[in-house]
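Enquirer: Chains A and B are the protein sequences, given in the same order. Here the first sequence is numbered in my numbering, starting from 1478 and rising by one per residue. Here the second sequence is numbered in my numbering, starting from 499 and rising by one per residue.
I should point out that these hints are in silico values taken from the structure, not numbers from a laboratory. Where a beta carbon is used, it is the ideal one built from N, C-alpha and C, also for glycine. Errors might be hidden in some of the hints.
[As the list claims (entries may be wrong)] For each label pair, taking beta carbons as the anchor points, the in silico distance ranges come out as:
| hint | chain 1 | residue 1 | chain 2 | residue 2 | range |
| --- | --- | --- | --- | --- | --- |
| 1 | B | 507 | A | 1636 | 46 to 56 Å |
| 2 | A | 1657 | B | 511 | 54 to 64 Å |
| 3 | B | 544 | A | 1505 | 18 to 28 Å |
| 4 | A | 1578 | B | 511 | 28 to 38 Å |
| 5 | A | 1515 | B | 544 | 11 to 21 Å |
| 6 | A | 1616 | B | 530 | 19 to 29 Å |
[Said to hold, decoys possible] Anything over 10 Å on all C-beta distances counts as not near chain A; from chain B, calculated:
| hint | residue |
| --- | --- |
| 7 | 509 |
| 8 | 534 |
| 9 | 539 |
| 10 | 555 |
| 11 | 558 |
| 12 | 559 |
| 13 | 561 |
| 14 | 562 |
| 15 | 563 |
| 16 | 565 |
[Unchecked claim] Below, a list of computed lysine-lysine pairs in the BS3-like style, where the Cα atoms sit at most 25 Å apart:
| hint | chain 1 | residue 1 | chain 2 | residue 2 |
| --- | --- | --- | --- | --- |
| 17 | A | 1595 | A | 1649 |
| 18 | A | 1513 | B | 561 |
| 19 | B | 500 | A | 1513 |
| 20 | A | 1630 | A | 1540 |
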Amino acid sequence: MPTDPLIVGSLCFAGASAVLILWFLIFRPQLTRATKIVLLFGIGVLPISTATTGNYAGFEATKARRFCGSCHVMTPYAQDSGDPASTTLAARHGRNAMFGEENCYACHADYGMFGTVKTKLGGLRHVYLYVTEYRNTPLAEARETIHIRTPFKNATCMHCHSTQNPDWNAVKEHASLVDRVRDGSVSCASEGCHGPAHPFSKRPWGAP
Amino acid sequence: MKLLYASAVLTLIALALMVWSLLVPTPLPVMLAMTAGQAIGTCAFAAYGYVVVRDLLRVWRAKRDSR
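Model the full structure from these sequences, guided by the hints.
Expert: Printed below as a string of structure tokens:
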């Protein structure tokens, strides 16, 4: 049972709306002023409230790891990410209390003014590709063939790890590479640094 | 009234899609709720508005003609 107040509220709005509509459909009253007001709530106010809270809950749900892992090709990534014994970059971020269950989104989202919109559009692209190309792909094949579309941006890491912190700069590898990290010519998630992020990580499409 | 009954049934369908997305937050239900669910709900509300406005106009005309 959902415990999120937003989801519970949305379900209550939907339930109340359904009760009013069923009353109308079953008893078929005359179209009096009272009936119109009841239906204004049943067809208008309460469903709009359901949609508003439901949309917000839906957008929040798209950040959850189980949402990302619900397409079978992403299952191994989500499983590793939630594995308390795993030492991959994704799993270590999954254990971070700041965003634990939302670690896929935290690392793969675009940031900036239109970051959320870009991220959601990218998500729609993923769904389209899944439905048209990868829905019936065996997991073993998907694990070998699915690549990240574009190289992972260091800017995403620097959203939290600003590279300004003295502790960060005290690491000699960081200090020697700080300019190349900032301009993106050395990836934080490269092998030998902090990557690969997942056990099945591969080079992005088109990368040398 | 038929349009109003249709509107009520459409609202129930839209609500069902929205509730499905809340209980099973996976890509298909969430996308269906945010697209088809809301389109159906909007159409239902528009139909309700049309019926109510038409009924109010009918009453207003009847009052005007009786004067």
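Enquirer: Which numbered hints does this structure break?
Expert: When the structure is compared with the hints, numbers 7, 9, 17 turn out to be violated.
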